[in-house]
Amino acid sequence: MTQGVGDALVAGRAEAPPEFDGSVAAASRQIVGRSPFYLAFSRLRRDRAAIISFWVIVAIVLIAIIAPVFATITGHGVNHQYRGVEALSPAGQPHAPSSKFWFGTDDQGRDILVRVAYGARISLIIGIGATAITIIVGVLVGLIAGYFGGIVDTIIARIVDVVLSIPYLLFAIALVSVLGHINLWVVMIVIAAFGWASVGRIIRGQVLSIREREYIEAARSLGAGDWRIIFHDILPNVIAPAIVFSTLLLPVSIVAEAALSFLGVGVQPPTADWGQMISASQQYIDSGVAWWYLFFPGIALVITTLAFNILGDGVRDAFDPRSDRLFAK
Amino acid sequence: MSAHAMQATTPARTDDPDVLVRVENVVKYFPVQSTSLFRTSREKVHAVDGVDLEIRRGETLGLVGETGCGKSTLARCITRLYDITSGRITFNGTDISNLSRRAMRPYRRDVQMIFQDPYGSLNPRRRVGSIIADPLVIHGVGDSRLERKRIVQESMELVGLNPEHYNRFPAEFSGGQRQRIGVARALALRPKLIVCDEPVSALDVSIQAQIVNLLADLQSELGLTYLFIAHDLSVVRHVSDRVAVMYLGKVVEIADSGDVYNHARHPYSRALLSAVPLPDPNVAKQRERIILVGDVPSPIDPPVGCRFHPRCPKAAQRCVDEEPPLEPRLDDPPSHAAACHFPVADGEDLAAARPTLSADERIVAEPGALSS
Chain P
33 MTQGVGDALV AGRAEAPPEF DGSVAAASRQ IVGRSPFYLA FSRLRRDRAA
83 IISFWVIVAI VLIAIIAPVF ATITGHGVNH QYRGVEALSP AGQPHAPSSK
133 FWFGTDDQGR DILVRVAYGA RISLIIGIGA TAITIIVGVL VGLIAGYFGG
183 IVDTIIARIV DVVLSIPYLL FAIALVSVLG HINLWVVMIV IAAFGWASVG
233 RIIRGQVLSI REREYIEAAR SLGAGDWRII FHDILPNVIA PAIVFSTLLL
283 PVSIVAEAAL SFLGVGVQPP TADWGQMISA SQQYIDSGVA WWYLFFPGIA
333 LVITTLAFNI LGDGVRDAFD PRSDRLFAK
Chain D
-19 MSAHAMQATT PARTDDPDVL VRVENVVKYF PVQSTSLFRT SREKVHAVDG
31 VDLEIRRGET LGLVGETGCG KSTLARCITR LYDITSGRIT FNGTDISNLS
81 RRAMRPYRRD VQMIFQDPYG SLNPRRRVGS IIADPLVIHG VGDSRLERKR
131 IVQESMELVG LNPEHYNRFP AEFSGGQRQR IGVARALALR PKLIVCDEPV
181 SALDVSIQAQ IVNLLADLQS ELGLTYLFIA HDLSVVRHVS DRVAVMYLGK
231 VVEIADSGDV YNHARHPYSR ALLSAVPLPD PNVAKQRERI ILVGDVPSPI
281 DPPVGCRFHP RCPKAAQRCV DEEPPLEPRL DDPPSHAAAC HFPVADGEDL
331 AAARPTLSAD ERIVAEPGAL SS
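Chains as they are written, first to last, in this note's numbering: chain P, 33 to 361; chain D, -19 to 352.
The hints are simulated quantities; they were obtained by calculation from the structure and are not laboratory data.
Just to be clear, a hint being listed does not mean it is correct.
[Claimed, not checked] Cβ-to-Cβ under 10 Å is the rule here; a few derived chain D residues that face chain P:
#, residue
1, 59
2, 85
3, 165
4, 166
[Unchecked claim] Cβ-Cβ distance ranges computed for the label pairs, FRET-style:
#, chain 1, residue 1, chain 2, residue 2, range
5, D, 63, P, 191, 28 to 34 Å
6, D, 66, P, 263, 32 to 38 Å
7, P, 263, D, 90, 23 to 29 Å
8, D, 189, P, 263, 34 to 40 Å
9, P, 172, D, 81, 19 to 25 Å
10, P, 263, D, 140, 30 to 36 Å
11, P, 189, D, 78, 28 to 34 Å
12, P, 83, D, 140, 41 to 47 Å
13, P, 180, D, 329, 53 to 59 Å
A virtual CB, placed ideally from N, CA and C, is assigned to each residue, including glycine.
The shape of chain D in the complex, shown without the other chains:
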């Protein structure tokens, strides 16, 4: 299996005390059943297809990529809301990839999640106090109702909510306040890692800043580690120490935040960055804009070789034949890895690049080649 070959490229340093979460070659497939008139074919959505990541203590790792690239699936694998198909996830030195529900309980205390939709992630029929007290009740923290109420009100205060609003329903709060409730719930158990699944993308821009700053304050106050998922690159840039870019279930580039934004090596990262809106229209006009051709291929039959090759302005025959490993390119530091055979040099005009591979040669995948 190619899984083992991949693992060999990343030295397994499970004992590194700086690493809180290690994701090794994690794969998550979702079965899809399509029934045509005569046959039933079982195919798989390759939502996350061999991802290696490290999340270090106290850092914020940004995870970006367009809709459907597997960011949220990866987040749900790390929080074990989904069982992974293969691979390994270690948290704090413990392999948690196959833990039973019961064995997961202590881990659930340490890993909390903030959800995208502040309307959908709070039960509309329950009072805010009871929602925030949920993690306490589930994990048996706090001996009495009164004690839990105190912890809940502390959490509410910590996230900038009026603790007096303990008895209200979620519908009585604005979107930003609701997201604060979600943050308070995630904080109630004082976790080590908070997975933020697009925590601000459903909010107004002005409210986004409030929540982002709140998360940053809480991080320095409580020593939290974040996995911060977003498709808004400017938000990710603001909060992240390191950034990973995902495309079709794979990490295509990972580096310190500044390196990704200033020296992106992967053509996809470059294209993604060129789409960030700039506040100054004059600057925006002058900027190179890379317009990708075509749509994201179906994750049911992902392209062979480099997954980005059907849309890549630099695609060559090698991109079809050989899947590029995620490793440092050009003269990048070891912390900056990109999965591209033809990394983009600083200052290179990607908009002018022409692929050496014609459209016919770009193989999306032979039917059934990867799905079985």
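Chain P with its partners taken away, still in its complex shape:
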């Protein structure tokens, strides 16, 4: 019966769902309920690049969590400024990687290894936090604009146009300097304030087509209210694009955070942060004296964003079986 359809969709077989183990005769031809997310996950599992990226991300998250362990092992506090020839050259320049400072030191004589590990925390917290805020706001706005349409849609569409036309970095610099005190929340909200508009626009487009489906009419004929239709009938259908969008948005948020810090309007010193370290390393790069000062935070940033990007691509392909990559392999 439907078994053939199910098998055609997934190569691997799944365990029986716990709710129904079909103790009756049905057990002989147990058909397993496979959710669209299960199907997407099983496609993702076959995407080698995405899986490697996934483990890289797991490693980065672990590093961020156990950052204090780096401080313990090396015996170097994250903000401790070391003096002496082992930490700073006689001219007061950063010291190259050595057995004591594996990644070298910065211009203040601090251990770059420990600071890169701590920097992962800021990048991930802000990257994930900003993405979450962006997606939640964007999905809500898109649902409301797309479902209600009319004047509500027009007003939201104009606001979106305005937000998208504001030069993001200039505005962020201005906003941060007006706010003065900068903490993690401010940075997250600044990043989210510019991201929600494009998410909202995409979700709105999806909602416009879903709204016309017969099952929405069916829900209405049952007496469902607007909010029930939005959250029970439409929302489940936009979760997949929202997940895809958030995996692609994560690296963008991480880079945005680094960019703000680079410009001095992100997380403030002495908090260890990749963008800040890259920014501070500039003056030592021109003269070619301290490559490690740029290299280690830079490579950490590149690996993190690359891993999130490749995983994001994989997630997108997994959720959209018609995408070309699946067949190209």
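Starting from the known structure of chain P, fit chain D onto it as the hints suggest.
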């Protein structure tokens, strides 16, 4: 307004306890906005244009007509998915034509709908159990999840689905099974009326029979009343006690099922019936076939007088001048009404009929005459 004149022809017997739904002169227009270079004209699609119907308790009323004749719009007016432009709909003695959303809620429990497309009418991202439980949750039936699950599984069993499949997604079912899910959802609240909007036209013929028989079994078991919409006349004949034929937003003929099929009075009903495929090729060859000329006129500017006159093989001047009322013709019983000045007698050869009205005289409508 002509609306009141029409109402007078059908005596208002709102107290008749046999009648579950009474549709009185219901009109539904959809505005269409066409913008040309210099002006914006607001026109209206006359989807349903003055329909009177009664649906009696426990019966199946078939509603037939070709695509675009307003069958589905009428169904959606009765379930109040659309607000009607004018007219009156009474359900169980209550006028529901202008009820607010809140006031509609008890009525929504009693009227359920089965949709045409078994693929489109079930949310692909929700499990079957949750889809069927929807009406229960919305109307607060069943105190706990467990209680609702029991009702859902009962409904599934009632429509011939395996209750163990509670946790599956619609994509894991075949078309016929999905339609059963749609039926189970409609039944969950034990409604009085089920509006079936072409419930079988998207299904294979063998599956059609299963669903039709399922609906018939459920009717006798639960005392349901159906409004059964289809464009397949043989299906409608099989299920209906009475049949109404629609053309361009109007009911042109309504009668007991056998009368429509054996003594159709309206030339349109006759033409529609002559198009039903017959399984025996020899019989089919001998049958008179009435081939209508032209296309269905635009419902934006429907023809004046009888709406069928531009295509009618019997059209005369009177058909343009005067709109025929829906009433018993020839020596028909009162239950059989047709809207035709020149009803077709039994045995009359309609294929040989020649209109007395030439093509130029057939007025489709003066531009703007009806649209404003």
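Hint-by-hint comparison with the structure:
The interface hint given for residue 59(D) holds, since its Cβ lies 5 Å from the closest Cβ of chain P, which is under the 10 Å cut-off. Restraint check, residue 85(D) versus chain P: the minimum CB separation of about 5 Å is within 10 Å; hint holds. Using the Cβ-Cβ criterion of 10 Å, the hint placing residue 165(D) at the interface with chain P is satisfied: the shortest such distance is roughly 7 Å. Given the 10 Å rule on beta carbons, the hint for residue 166(D) holds: about 9 Å separates it from the nearest Cβ of chain P.
Between residue 63(D) and residue 191(P), the C-beta spacing of about 31 Å keeps the proposed range 28 to 34 Å intact. Under the hint 32 to 38 Å, the C-beta atoms of residue 66(D) and residue 263(P), about 35 Å apart, fit the expected range. A beta carbon spacing of about 26 Å between residue 263(P) and residue 90(D) agrees with the range 23 to 29 Å that was offered as a hint. The supplied range of 34 to 40 Å is met by residue 189(D) and residue 263(P), whose beta-carbon atoms lie about 39 Å from each other.
Distance hint for residue 172(P) and residue 81(D): a CB-CB separation of about 23 Å, consistent with the stated range 19 to 25 Å. Remark: the range hint 30 to 36 Å for residue 263(P) to residue 140(D) is upheld by a beta-carbon distance near 32 Å. About 33 Å separates the C-beta atoms of residue 189(P) and residue 78(D), a value consistent with the hinted range of 28 to 34 Å. The hint said 41 to 47 Å for the Cβ distance between residue 83(P) and residue 140(D), and at roughly 43 Å that hint holds.
The hinted window of 53 to 59 Å between residue 180(P) and residue 329(D) holds, with their beta carbons roughly 57 Å apart.
The structure meets every hint from the earlier list without exception.
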